[in-house]
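Student: So you can see what is in the structure, the chains are spelled out below.
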Amino acid sequence: MKKIFYIISFVFLILFLVFPLTYIVSNSFFVNGKFSFIIFKTAITNYVIKKSIINSFFLGIIVVISTSIIGIPLAFLFTRYSFPFKNVLKTFLFLPLIISPFVGAIGMRHILSRFGPLNLLLIKLKIIKYPISWLGTGFLGIIILETLHLFPIMFLNISASLNNFDISYEEASYNLGATFSYTLRKITLPLLLPGYFAGSSIIFIWSLTDLGTPLVFEFYKLISVQVYNSLTDINTNPIGYALIVLIIFLTISFFVFIKKYIEKTPYTTGKSGISFEEEKQIKGKKLVLVYSVLFFFLIFSLSPHISIIFTSISGKWFFSIFPQKYTLEFYRDVFLHPLTKIGITNSIFYSSLSTLIDIFFGFVIGFILSRTKFKGRNILDILSMLPLAIPGIVIAFGYFISFTNTFLDPMKNPTFLLVLSYSIRRLPYLVRSSYSMFQQLNENLEEASYNLGASHFFTFRKIIIPLISPGLFAGGILVFAFSMLEVSSSLILSFKPKFYPIAKVIYELAGRVTDGPYIASALGVLGMILIGICFIISSKIISRKIGEFFRI
Amino acid sequence: MKKEILKVENIHKNFGKLVVLQNVTFSVKEGEIFFLLGPSGSGKTTLLRILSGLCQPDKGKIFLEGEDITFLPTNKRNIGLVFQNYALWPHMSVEENISYGLVVRKLRKEIIKEKVEKILEKTQLTQFRDKFPSELSGGQQQRVAIARTLVVEPKILLLDEPMSNLDTKLKEQMRKEIKRIQEEMKITTIYVTHDQKEAFLLGDTIAILNFGEIVQIGSPSELTLHPANKFVADFIGNTEKI
Chain W
1 MKKIFYIISF VFLILFLVFP LTYIVSNSFF VNGKFSFIIF KTAITNYVIK
51 KSIINSFFLG IIVVISTSII GIPLAFLFTR YSFPFKNVLK TFLFLPLIIS
101 PFVGAIGMRH ILSRFGPLNL LLIKLKIIKY PISWLGTGFL GIIILETLHL
151 FPIMFLNISA SLNNFDISYE EASYNLGATF SYTLRKITLP LLLPGYFAGS
201 SIIFIWSLTD LGTPLVFEFY KLISVQVYNS LTDINTNPIG YALIVLIIFL
251 TISFFVFIKK YIEKTPYTTG KSGISFEEEK QIKGKKLVLV YSVLFFFLIF
301 SLSPHISIIF TSISGKWFFS IFPQKYTLEF YRDVFLHPLT KIGITNSIFY
351 SSLSTLIDIF FGFVIGFILS RTKFKGRNIL DILSMLPLAI PGIVIAFGYF
401 ISFTNTFLDP MKNPTFLLVL SYSIRRLPYL VRSSYSMFQQ LNENLEEASY
451 NLGASHFFTF RKIIIPLISP GLFAGGILVF AFSMLEVSSS LILSFKPKFY
501 PIAKVIYELA GRVTDGPYIA SALGVLGMIL IGICFIISSK IISRKIGEFF
551 RI
Chain P
1 MKKEILKVEN IHKNFGKLVV LQNVTFSVKE GEIFFLLGPS GSGKTTLLRI
51 LSGLCQPDKG KIFLEGEDIT FLPTNKRNIG LVFQNYALWP HMSVEENISY
101 GLVVRKLRKE IIKEKVEKIL EKTQLTQFRD KFPSELSGGQ QQRVAIARTL
151 VVEPKILLLD EPMSNLDTKL KEQMRKEIKR IQEEMKITTI YVTHDQKEAF
201 LLGDTIAILN FGEIVQIGSP SELTLHPANK FVADFIGNTE KI
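So the sequence lines, in the order shown, correspond to chains W and P. Quick note on the working numbering: the first sequence kicks off at 1 and runs consecutively. Quick note on the working numbering: the second sequence kicks off at 1 and runs consecutively.
Bound-form chain W, shown alone (with noise of 0.2 angstroms):
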């Protein structure tokens, strides 16, 4: 009976992770049944395409520095200095992480438009007597939306280090006579590097895959947007291949390098058992300006998500700082509209079968790690927590091109797909929570049912199921969550409306002129609170915090 679950867990992973995986690898090097590097020439003597590599590249750069810039010090302020609020603050911080910067994006377009609220505000302000063009190509609507929605995730990786750094580390720099400088430079920040590295790799892995932003923002010269373009000729333009092997050649090389490095350094983390003067207070002066800056980030941070909340209810907002009109009939358009009636419903439907797949595998996968010694568990391992590092474009356009004319063809009908790439992308959070529930599950329990008499089936059903069924429903709701508005495969894998998800309907709607933003912003707002409502709910039930899940 294990034994089966084991080998439909192996077939799982490796004909929806492992094969298209491969099958793009193969293809973009063996041409005609021959290998040749053709298609990686093509690729970079196409003038569009090394435009959009440099493009990409740099953009992965400038986020990474800017979300370094806003992370790093909101890092050690969060964890060395204690002010009253703190908590409250800091759960401020995270939320720009709950919504894809794509639906941000389409209340940023109007913010920061020629003669949108921004420029008006400054020029009745007298800072600027001319409106400025901030959006230029897009590029910087880009780089803004997509710092906004990943600072955070700088944020926890240094206060991840922070909280593991022994203080007396640089206490004991000091003592032997160093200044505050040399201390940073010689001890916090080396030590630091970890989880900086890590922090970076994700940041930059993710902007460079990021599909929405660009897309509404409509600058075409990246990467992930030229993948999305390729899809509609792929038999005969080869380049989705090539630009799709660079982002899984970056990716790994990203992970081996972090891996070997974090081994390298023979990092402790025993905490000293001095504590009590680790959070220096803030008081005075130095609070209110803590506070000032802090309130002014928080707007910046949360400007697109207060950009589409002011979209969706506003009747008219043309040349004025604030709308003129307020107006809830978008919001029922939303529950109208025939293609927001299709996304919403086609969503729930897609998210709640990923979800039951990825319960049950998360499930079965936990326990066989945690209660089996098969052979090759160590793979299953890797296997389930691959999608970790692998960008959801490349697993859709693995899907896209793997099983185009077949029977699951997502040009005839996308379901199967969809369902499948949402619960490959979420499982590895639903594998560790069902493993780290197996692993404090004290195996006595299980034994004392049997010794009691209890068949395997009873203990079961009446010791491991309880035991183990909050966590696993907690880690449903987020992948329900996650899935409702999952952005990439979304966009890649629906062609025919009837079978839009709420992402691709955000996307169409936003790029229609009249009321389409409107009711993209309703929906988005909705998505927002449904996303928040599923974070508490899913924290409340296993008391571990949002942070966690943006970790490597």
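Some hints could be false.
What follows is a set of in silico ranges between Cβ atoms, one per label pair, in the way DEER data are often shown [said to hold, decoys possible]:
| hint | chain 1 | residue 1 | chain 2 | residue 2 | range |
| --- | --- | --- | --- | --- | --- |
| 1 | W | Asp381 | P | Asn165 | 56 to 66 angstroms |
| 2 | W | Val293 | P | Lys106 | 28 to 38 angstroms |
| 3 | W | Tyr81 | P | Lys61 | 44 to 54 angstroms |
| 4 | P | Asp58 | W | Ile533 | 27 to 37 angstroms |
| 5 | P | Glu153 | W | Ile127 | 57 to 67 angstroms |
| 6 | P | Lys106 | W | Arg377 | 52 to 62 angstroms |
By construction, these hints were calculated from the structure, which means they are not laboratory data. Ideal placement from N, C-alpha and C gives every residue a C-beta, glycine not left out.
Could you slot chain P onto chain W? The hints should help.
Tutor: This is chain P only, laid out in the frame that chain W set:
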């Protein structure tokens, strides 16, 4: 009569409403091993941190060789502290750890090399110079921590529960080791512990702390013969039972 090197006057320290230290007054003579002995929570570690300059007292004064150093930051004091958990920097080798304080003092390379060589030999660490802290045993780590502090020739050596992370057998060995190094270098040492046995074996003078106050100061024999009160008597009495 040896000259007085450190004088501590009427130190008070609160953490919020919690009184951690009050009325702490004592002086330490040059070259002696001075023990701060007390049960956990008696304020020993806080006192040591105040002496090292890592935290400031709310009231009171500290004099080092007659000079008021109460508010001098730790990096200007030259009072070396060996941390309870050693605080060896995990990204630096033994040699880099030890030479750190000398590099900070901007000494010439040859001089640094010479001093490091000498201390490595004295602490029997020469063969481990290229190892990282995580590759060393507990006893070796402790020797590195002591060497790192001693190499900058501090005026006073502060040891915070140095034996707490070692097993019983190693404790005995390290006690001898510390005594040997201390005598060889003739360095004034303030040693914090909750272990009466250690204090009575190694100490020249012992100050007994309880609830943030010094209950009695004296040589081991004075304390044994004339305990100031029942607490001291009980606390010392444990020695025989161990």
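Student: Going through the numbered hints above, which ones does this structure break? Give me the numbers in ascending order.
Tutor: 1, 3, 4
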